[in-house]
Amino acid sequence: MRAILDHFADAGIEYTIVDLAASGRSIYRPPVRFETWLNDIGEIYERTQSGSSLWIATSIGAWPLLLTHRQRPEWFRAMCIIAPAIDWDSTYLLPGVASGKLTDEPAGIRNEHGVLPRSLVDSMALHHLLGRALEIHCPLHCIYGARDEIAPPAATEQLLSQFRGASATSEKLADESHAIAKIATSAAQRALMDWLQRQLHD
-16 MRAILDHFAD AGIEYTIVDL AASGRSIYRP PVRFETWLND IGEIYERTQS
34 GSSLWIATSI GAWPLLLTHR QRPEWFRAMC IIAPAIDWDS TYLLPGVASG
84 KLTDEPAGIR NEHGVLPRSL VDSMALHHLL GRALEIHCPL HCIYGARDEI
134 APPAATEQLL SQFRGASATS EKLADESHAI AKIATSAAQR ALMDWLQRQL
184 HD
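When we follow the numbering used here, the leftmost residue of the sequence shown carries the number -16, and every step to the right adds one.
Read the hints as simulated data drawn from the structure, not as lab findings.
A few of these clues could be false.
[Unchecked claim] Simulated DEER-style distance windows between Cβ atoms:
no.	residue 1	residue 2	range
1	Pro89	Arg181	32 to 38 Å
2	His120	Glu29	15 to 21 Å
3	His120	Ile27	16 to 22 Å
4	Gln180	Ile27	42 to 48 Å
5	Gly(-5)	Ala81	47 to 53 Å
6	Ala129	Phe(-9)	16 to 22 Å
[As the list claims (entries may be wrong)] When the alpha-carbon atoms are kept at most 30 Å apart in a straight line, the in silico DSSO-like pairs for lysine-lysine are as follows:
no.	residue 1	residue 2
7	Lys165	Lys84
8	Lys165	Lys155
9	Lys84	Lys155
The model shown is predicted, which means the values in this text are computed figures rather than measured ones.
Even for Gly, the Cβ is constructed at its ideal location relative to N, Cα and C.
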């Protein structure tokens, strides 16, 4: 992938990758809230980019990416979301607590990576996207796994049905789990490389 990204740089095409830690263990300034992520993305972009960009986001990073696109569509040339964990409190965290897979503690919700701060979890509800039409202003491509238990396929497919405006395409990888969020499987790598190659020729 690095070689293709170097081609983008040589062609003067900017790109932005959003990969947020699912544990939310930021040392920025407590309390960490969802708005912290949104503000950080906007501030970093304004400091480092000068025009529209290709955006790639994985897992929970896809959620603030879509919210950023809603606020600043001029920053976006095209976007690819991979294993998008949208409305993650209601689609994964709270059901996980109810089923006993995750633990609700005073400090937050514990998953396999650590404790997601209470301030972060509680702030998510203000930014829900599922169940409402979403206007997009540039092409979007979604890559997701049929066996993803962390970003449930049903939620992803609901999200895809809500897009309006520019084209929205998707690729469902039949045997893949949330491991594709780290581009850790050959199928995920091929799917992303195919999308990147298409961007070079568009």
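Could you tell me which of the hints above the structure violates, numbers in ascending order? 1, 4 and 6
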